[in-house]
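Asker: The residues making up each chain are set out below.
There are 2 protein chains.
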Amino acid sequence: MTDKNEFQPKWRETEPKRGSFRSIFKYGDPKGFKHPNRRLFEELKSTFNLTDEDFRKKETTGDELVDVKIDSNLSTDQILEFKKIVGEENISLKEYDRLKFSSGQTLEEHMKLRRQLVGTISDLVVHPRKKSEVQEIVNYCNVNKIPVYVYGGGSSVNFGVYPEKGGVTLVLSTHMNKVIEVNETNQTVRVEAGIMGPHLENILNNAKSNFDTSKNFTCGHFPQSFEYSTVGGWIVTLGSGQQSSYYGDAADLVLGVEVVTPTGIIKTYDFPATATGPKVLDVFKGSEGTFGIVIEVIWKIYRFMPENRKYFGFIFKNWESAVNASREISQGEFGLPAVFRISDPEETHHGLKLYGIEGTAFDKLMKFRGYKPMERCLFIGTSDGAASFTKNVKQQVKKVARKNGGMYLTSFPAKKWEPGRYRDPYLKEDLMDFGILIDTLETSVKWDNLHEVHQKVREFIKSRPQTICLTHASHFYVQGTNLYFIFIIKESDLKAYRKFQKSVIEKIEESGGTLSHHHGVGKMAGYLMEKHLGKKQMEVLRALKKHFDPNNIMNPGGQLGL
Amino acid sequence: MTDKNEFQPKWRETEPKRGSFRSIFKYGDPKGFKHPNRRLFEELKSTFNLTDEDFRKKETTGDELVDVKIDSNLSTDQILEFKKIVGEENISLKEYDRLKFSSGQTLEEHMKLRRQLVGTISDLVVHPRKKSEVQEIVNYCNVNKIPVYVYGGGSSVNFGVYPEKGGVTLVLSTHMNKVIEVNETNQTVRVEAGIMGPHLENILNNAKSNFDTSKNFTCGHFPQSFEYSTVGGWIVTLGSGQQSSYYGDAADLVLGVEVVTPTGIIKTYDFPATATGPKVLDVFKGSEGTFGIVIEVIWKIYRFMPENRKYFGFIFKNWESAVNASREISQGEFGLPAVFRISDPEETHHGLKLYGIEGTAFDKLMKFRGYKPMERCLFIGTSDGAASFTKNVKQQVKKVARKNGGMYLTSFPAKKWEPGRYRDPYLKEDLMDFGILIDTLETSVKWDNLHEVHQKVREFIKSRPQTICLTHASHFYVQGTNLYFIFIIKESDLKAYRKFQKSVIEKIEESGGTLSHHHGVGKMAGYLMEKHLGKKQMEVLRALKKHFDPNNIMNPGGQLGL
Chain L
1 MTDKNEFQPK WRETEPKRGS FRSIFKYGDP KGFKHPNRRL FEELKSTFNL TDEDFRKKET
61 TGDELVDVKI DSNLSTDQIL EFKKIVGEEN ISLKEYDRLK FSSGQTLEEH MKLRRQLVGT
121 ISDLVVHPRK KSEVQEIVNY CNVNKIPVYV YGGGSSVNFG VYPEKGGVTL VLSTHMNKVI
181 EVNETNQTVR VEAGIMGPHL ENILNNAKSN FDTSKNFTCG HFPQSFEYST VGGWIVTLGS
241 GQQSSYYGDA ADLVLGVEVV TPTGIIKTYD FPATATGPKV LDVFKGSEGT FGIVIEVIWK
301 IYRFMPENRK YFGFIFKNWE SAVNASREIS QGEFGLPAVF RISDPEETHH GLKLYGIEGT
361 AFDKLMKFRG YKPMERCLFI GTSDGAASFT KNVKQQVKKV ARKNGGMYLT SFPAKKWEPG
421 RYRDPYLKED LMDFGILIDT LETSVKWDNL HEVHQKVREF IKSRPQTICL THASHFYVQG
481 TNLYFIFIIK ESDLKAYRKF QKSVIEKIEE SGGTLSHHHG VGKMAGYLME KHLGKKQMEV
541 LRALKKHFDP NNIMNPGGQL GL
Chain U
1 MTDKNEFQPK WRETEPKRGS FRSIFKYGDP KGFKHPNRRL FEELKSTFNL TDEDFRKKET
61 TGDELVDVKI DSNLSTDQIL EFKKIVGEEN ISLKEYDRLK FSSGQTLEEH MKLRRQLVGT
121 ISDLVVHPRK KSEVQEIVNY CNVNKIPVYV YGGGSSVNFG VYPEKGGVTL VLSTHMNKVI
181 EVNETNQTVR VEAGIMGPHL ENILNNAKSN FDTSKNFTCG HFPQSFEYST VGGWIVTLGS
241 GQQSSYYGDA ADLVLGVEVV TPTGIIKTYD FPATATGPKV LDVFKGSEGT FGIVIEVIWK
301 IYRFMPENRK YFGFIFKNWE SAVNASREIS QGEFGLPAVF RISDPEETHH GLKLYGIEGT
361 AFDKLMKFRG YKPMERCLFI GTSDGAASFT KNVKQQVKKV ARKNGGMYLT SFPAKKWEPG
421 RYRDPYLKED LMDFGILIDT LETSVKWDNL HEVHQKVREF IKSRPQTICL THASHFYVQG
481 TNLYFIFIIK ESDLKAYRKF QKSVIEKIEE SGGTLSHHHG VGKMAGYLME KHLGKKQMEV
541 LRALKKHFDP NNIMNPGGQL GL
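In the order they appear, the protein sequences are chains L and U. Position 26 (the first sequence) corresponds to 26 in the working numbering; numbering is contiguous. Position 478 (the second sequence) corresponds to 478 in the working numbering; numbering is contiguous.
Just so you know, the hints here were simulated from the structure itself, not pulled from any lab data. Certain hints may be false.
Heads up, the list lumps identical chains together, so a pair's fine if it works in one copy or across two of them.
To be verified - Cross-link-like lysine-lysine pairs, in silico, DSBU-like; alpha carbons within 35 Å at most:
id, residue 1, residue 2
1, K394, K353
2, K391, K403
3, K317, K215
4, K17, K84
5, K536, K84
6, K131, K456
7, K399, K208
8, K130, K531
9, K456, K215
10, K462, K531
11, K546, K165
12, K83, K130
13, K84, K535
Pulled out of the complex, with its shape left as it was, chain L reads as follows (with noise of 0.2 Å):
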């Protein structure tokens, strides 16, 4: 018999065999892990009334070989059309490629791969090289009524890349991935838009000796998704960072656009603004790949200056005063946090084990002066800038959750959060191997609608017996923020755990949110577009789309609600 406390499930710790489904299915790094520690590992069995039996066996795993054989609907000539253009070494005709590039990062794409259940894949891979090659390939596809899509990072978790109509699917992140220009001056960067965010990020830290300016800079767009999502991706997926509250949010940041549509290419001015009518700029942003397809971006870029980053943290009695906090200094006019996000008590309890804070002095010292369990709420935060707005921001951050009741935790919370920012993804993976899915949607909010919204889907959600449901808000606005819903449930059902998410989303919508802050809506949510928006303002979208796309190629089968 093992011991209890010793024993430690057989956490995947191997990337996954070249050509097998886990392959595509698994996010990010392939040799990348992140495990579930000891004490939530603990929640989960008693959650879920489980035992260490249970982890011993893993479920699925999804190592078999991609060995499915399904023909492509292009006929020889078309194939012949494609390698044309971009050359025989940039198409892909083999299955597993054909499959890996139809896949996102939902669940259900997940449990579906798992268990080795292959729906409609791409009928072609094609790996763009430059802007000609984009527009003679759409050119072609829009006479011949082939169906393009795009995959930039494949993190959409909406269906996004998902060919619902077969086609051709253009992998802008092979070769379109270049940073064209870094103007000091006008503090922008000019890229292509199959770019990667640690790239960028990368380029513009280093900007002094890449590309010979006075300053570093950063491109301030820091999603979960950052390391496998690309700079078009964000822009038409209106995407948002984990520092927006003081960046701004993907729509925000981009300046100008060029996008090839098969009504011919559209390249917008870099103007910080100008009173030359609506922007067409403007359209683009959303249009998740409808329109047309982003290939040139002029993105804003920042000062990088992290000696002046602040860091603060705050436990809160209960919810409310964690959100009144949060209003108050989105309100504050003194300057925004950047990371800027608070907990509900669920979710401040399992971040709390998390952040290795439970059980520490911090723990004894806040159950000490009243901070209950499952009523305490996390807050942390930094504050980006020059060092003088830095500190007066964090100060006057301290100021607003003293009197809104909070205690400073120091430093240390977002400390240990900042490091694993972009690592939660990878827990999914390890919890799938033995049934348990974590999923993620999120919506957005007014101050006067948030705790009606959080309240009813959270009672939605946690009507479903054993399941977990964790909710934080940290992307905020003078009017309002998001809602961020993380639940975990034990379901090897695919048709179970489907219709548990639709329930859960057509509640968000009910409740009064929106269908997403910043994960789009795909194919996902298509549905529930025209009751979202009404009728009218899905003509308007109708008639931009019939506008740019009248033979309807562009990412067609329900994106959009299209």
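Dock chain U against chain L, hints included.
Answerer: Here is chain U on its own, set in the frame of chain L:
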């Protein structure tokens, strides 16, 4: 013989006669006046080689009564329909009213009205009282193909309200001017779009007593036309206020709109962010009445904290230093000033006269320290926000200014500037009485083309003999700013004036500036839109136009180049 030092032209001090042309073109408050001071007067005489004698007799005054007979092109039945919708007291067929509400604030209109030249005027003026009336009118006009123009505050400087095709003019500011709700929690205000600046600001500044809120608020938007422009107008022309560097432009401040279009009513959400596809709200920003009529607006508001406002002013050795300092401030990440304004050498020369600084001890000190007339550049600013924030902004601005060779001028010039901030347009009429024209054209630039645009446009303006050209930048962004050109000429010939003005606009566009930073495009620069934005972007605007207004009844006749 009059003592030269005592002669003062008889600047107009009486309000225009009721029913006169002057009562139509006179800007703003009928009893409001601003006269050139002695120093400016002397400067004008010397520039234009005039003597006191030339200021004894006014050239045109427009004091004649509007006594024209212009038939309405609407049929009696049609007029009856409008009467039914809004009531007899809310329509007018009188030529005076039809002319008045067909007129904006371009110099061309002023010159014509002074000469009793009347072009196309509205066929009927209608003052709708509520949404359902606007809706009925638009529906009726759509079916009967009657052009619809909207008049808000009438301060358009590019023929935005000019009814090129006749039809009806809806005056939105007569009745549809209420504050509907102040939402303290979300920090938003819901208003009818016809509300003017002072009315809104006054209600917000006194929200505690008006709406029982715990704080007072400000609308954050203070264009020079503040007193005679409407919230709806701010949005559809992409306006920018004098404190925009801190509060943002109108496009940033609007959160939601309700718009009556020929295709139906569209109401957008008012979430601070949402990732649910391209935002329909965005396409109405800058739509200049060509898609529909904005009737209701959710507007962001900020805390009213005048007690925290800091004032500062500097003189720089030259334009380049002033620009460099401004860029460093804009990119410094310590928070932006609210008022933020730099004047080029020629404007500084006049500014120092206007603010009463010329000839003072300050002036002597400046000269002593090497800040030379016609080289030196004035910078004035304020900071808004929390006390700790405004204090820090001022401190940091001082540091940057000093580093760039700026001499601190205390709060004096900014405080001198502030009370007259909305009054400059009043100067126009005094000077035009004597055939002197002041006109303004503006553009937006990036930091890296600011100097080129400034030099080329200024050179062009100055190539006209006896022409004063003052330039400032007053709306700052991390990536650039605007340039606001004021030219003063002695010109009585309408055609010559138009030719010159048109050439300046074209020069701005050719030099790499946008057609407008915050005045909009109107029917004046509409013809340049396709050249400026390119065919592909114009096609997008045309597709939207076609969707919202298939019969082209909304502000037809070249507005926005549509």
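Asker: When Cα atoms must be at most 35 Å apart, do K394 and K353 count as within-copy, between-copy, both, or neither?
Answerer: Classified as within: same-chain Cα gap 25 Å, cross-chain 44 Å, threshold 35 Å.
Asker: Treating 35 Å as the Cα threshold, decide for K462 and K531: within, between, both or neither.
Answerer: within (25 Å within a copy, 58 Å between copies)
Asker: Within, between, both or neither: how does the pair K83, K130 come out at a Cα-Cα threshold of 35 Å?
Answerer: within (14 Å within a copy, 61 Å between copies)
Asker: As a check of your reading, is K546 near K165 (CA-CA no more than 35 Å) within one copy, between copies, both or neither?
Answerer: This pair counts as both: shortest intra-copy Cα distance 18 Å, inter-copy 30 Å.
Asker: Using 35 Å as the alpha-carbon threshold, which applies to K391 and K403: within, between, both, or neither?
Answerer: both (19 Å within a copy, 22 Å between copies)
Asker: Treating 35 Å as the Cα threshold, decide for K536 and K84: within, between, both or neither.
Answerer: Between. Shortest inter-copy distance 28 Å satisfies the 35 Å Cα cut-off; intra-copy 43 Å does not.
Asker: Measure nothing new, just compare the shortest in-copy and cross-copy C-alpha distances for K456 and K215 to 35 Å and report within, between, both or neither.
Answerer: For K456 and K215, the Cα distance is within 35 Å only across copies (30 Å; inside one copy 48 Å).
Asker: What label fits K131 with K456 when the C-alpha limit is 35 Å: within, between, both, or neither?
Answerer: Between copies, since 34 Å is at most 35 Å while 47 Å is not.
Asker: Go through the copies and call it for K130 and K531: within, between, both or neither, with a Cα cutoff of 35 Å.
Answerer: between (39 Å within a copy, 27 Å between copies)
Asker: Using 35 Å as the alpha carbon limit, work out where K399 and K208 are close: within a copy, between copies, both or neither.
Answerer: between (38 Å within a copy, 24 Å between copies)
Asker: Is it within a copy, between copies, both, or neither that the alpha carbon of K317 lies no farther than 35 Å from that of K215?
Answerer: between (43 Å within a copy, 26 Å between copies)
Asker: Quick one: K84 to K535, C-alpha cut-off 35 Å, is that within a copy, between copies, both, or neither?
Answerer: between (43 Å within a copy, 30 Å between copies)
Checked against the numbered hints above, the structure violates none of them.
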